[in-house]
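Model the full assembly from the supplied sequences, consistent with the hints where possible.
Number of protein chains: 2
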Amino acid sequence: MSKFSLLDCTLRDGGYITSWNFSDSAIRDMIASLSEAHIDYIECGYLNSLECKQDSTIFQNINKIIGFLPEARNSFFLAMADVAQFKPEDITPFDGRSIDGIRVVFYKHQIDEALEFAGSVKENGYKLFMQPMVTIDYSLNEYAALINRIAELNPYCISLVDSFGYMTQDDFRRYYNVVDNLLNLDINVGFHSHENMQLAFAVAQDVLNYNTARRVIIDASLYGIGRGAGNLCTETIANYYNSLLGFKYNIQILMRLINDYIMPVRKTKTWGFTPYLFLTGLYKCHPNFACYLLENHDVSVSDFEKFLLMIPYEMRTKCKKPYVEELYQRFII
Amino acid sequence: MSKFSLLDCTLRDGGYITSWNFSDSAIRDMIASLSEAHIDYIECGYLNSLECKQDSTIFQNINKIIGFLPEARNSFFLAMADVAQFKPEDITPFDGRSIDGIRVVFYKHQIDEALEFAGSVKENGYKLFMQPMVTIDYSLNEYAALINRIAELNPYCISLVDSFGYMTQDDFRRYYNVVDNLLNLDINVGFHSHENMQLAFAVAQDVLNYNTARRVIIDASLYGIGRGAGNLCTETIANYYNSLLGFKYNIQILMRLINDYIMPVRKTKTWGFTPYLFLTGLYKCHPNFACYLLENHDVSVSDFEKFLLMIPYEMRTKCKKPYVEELYQRFII
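Residue numbers (this note's numbering), protein chains in the order written: chain A, 272 to 604; chain B, 272 to 604.
Mixed in with the good hints there might be a few duds.
Identical chains blur together in the list; that is why a pair holds if it fits in one copy or across any two.
Unchecked claim - Here are the simulated SDA-like cross-link-like pairs (lysine to any residue), alpha carbons at most 25 Å apart as the crow flies: (1) K540 / D574; (2) K519 / D531; (3) K540 / L565; (4) K555 / L515.
Hints in this document: simulated from the structure, not taken from any laboratory.
Now the structure itself:
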């Protein structure tokens, strides 16, 4: 595998658009085909101890994923676990038949829980991916402290996560340098970005200029499907790497998957850059302020900007549906 | 004015979406407000000797634009002239009351005509912007020859034009270097890009790393409105320059213009990145193969890819409606 690699998160982040409803045959075909297209890492869905559904990329346990994986293991198969939703005791030992790794996602207030959970992931033999959400919410010192704690677990990868879609190339480089200075070169760095300010692709291109031997793993999804403004598109970054680095990602297969599984979703659902999501990025607010509000109200761009400006600074990164509604009722008085 | 500057082409390139129908009051407000937002160059519309309409950004003559310009001339006001649509004898002398400059747009087979037209632009006292469409269609040698011919006219600006939306940072740099080696430093370079492969913003960001004192002028439009996959967004690049360079583009004003004039258009019209337009970029085809075909036919992404692949190589950059239809009829047999 090259120093530059791609991780497709369609089945997981795209799930925010489909409520994780993908038919069993679609899940199977997408995983096998992404692998056939030489995508290096494939995120198959979420682990969630409490949910048990058919035709879904929410998996109640690790063994449930076995039936969806192709025989040929040319890619690494992953699932995401939110520390609040999957119990560490539900992690069954790695035996080579299910996923290869677990992406542990957590907020800043969940660090202790996340590290404990991560310990179980390692003990059970999985590749450990650490995904601290809203990375930019950590000061560089706080981030260094986090990295040092994570380092003790010897993870496979730590990701820079731009949950709100406003990190520039410069921002990524600053956090990357912390990792690069503190971690062994065999620990990879991931990039998970969102398109609120259309910055994702430029960051992914800039990564090629990084002066390091460390492997970077770029997250992307087919046609950018994902919550809010969506993700970097797998097809655009894969083709860019093909053109610039001579890689052999199979774009035809990616387009066939878009045709078969993403375009039908696009008929009724929407995602991607809008002026509303740009404004959430501009004012460093959680994008759900736009998503939740526009679900129930017809709000103009100008009114939405005024609405964002009345959110107390400390509440801008916290977004619960009832709070958005309560705030809007105050706004329209 | 800084080394890095922005040109808003909403009223001209956005016209492909609105058939250039903007109300007179909208045109007036947009020009004045973009100028108030400190946008450096504002393209007011097209010059076209044959058309005469109200509530339109197609202007039959240069003096017609006077009534739309604000008194304070804090920005440069421009119009585009297609050498096939505006007669050089219709260029009236510059007197400081109408536009400051004319953007001369031409295809490779129109170079002689364009240079003659450009001579009239200069003779009449306007800033001359040269816009050779599909810049990548010129070999670097051909491009150098073109630049040398243009140099004799001492233009204000020459633009690198990615009409089909597939030029990468590296491509732009290669063509830029030709200009940079051949032209006096006081001649500016423009960048006009499209979003077929989502490359525009990365190119505009990379420009900040260019090792030159030459001024660059980046084209953009509000919410990216423009034909096919649209343009770089004025609001995203303006905010990026504000963040990185401490510029003072007024983003609030840009958002108000999007609210008042672009969102109403968006209710019935669409533009921006799609898998279809990605495919036109991938196979280096004119994006109108997607636009024309999808106007009249419901074609899947997979069928569209097969359709593009049957276009003879030499016809991929040439796209007329009847040809697209004829080809499609052959395709579906």
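Evaluation of the provided hints:
1. For the identical chains of this complex, K540 and D574 are neighbours both inside a copy (24 Å) and across copies (22 Å), given an alpha-carbon limit of 25 Å.
2. Within a single copy, K519 and D531 get their C-alpha atoms as close as 22 Å, which meets the 25 Å cut-off; across copies the closest is 45 Å, which misses it.
3. For the identical chains of this complex, K540 and L565 are neighbours both inside a copy (13 Å) and across copies (20 Å), given an alpha-carbon limit of 25 Å.
4. Taking the closest pair of Cα atoms, K555 and L515 come within 25 Å of each other only across two copies (16 Å); inside a single copy the shortest separation is 33 Å, beyond that limit.
Checked against the numbered hints given earlier, this structure breaks none of them.
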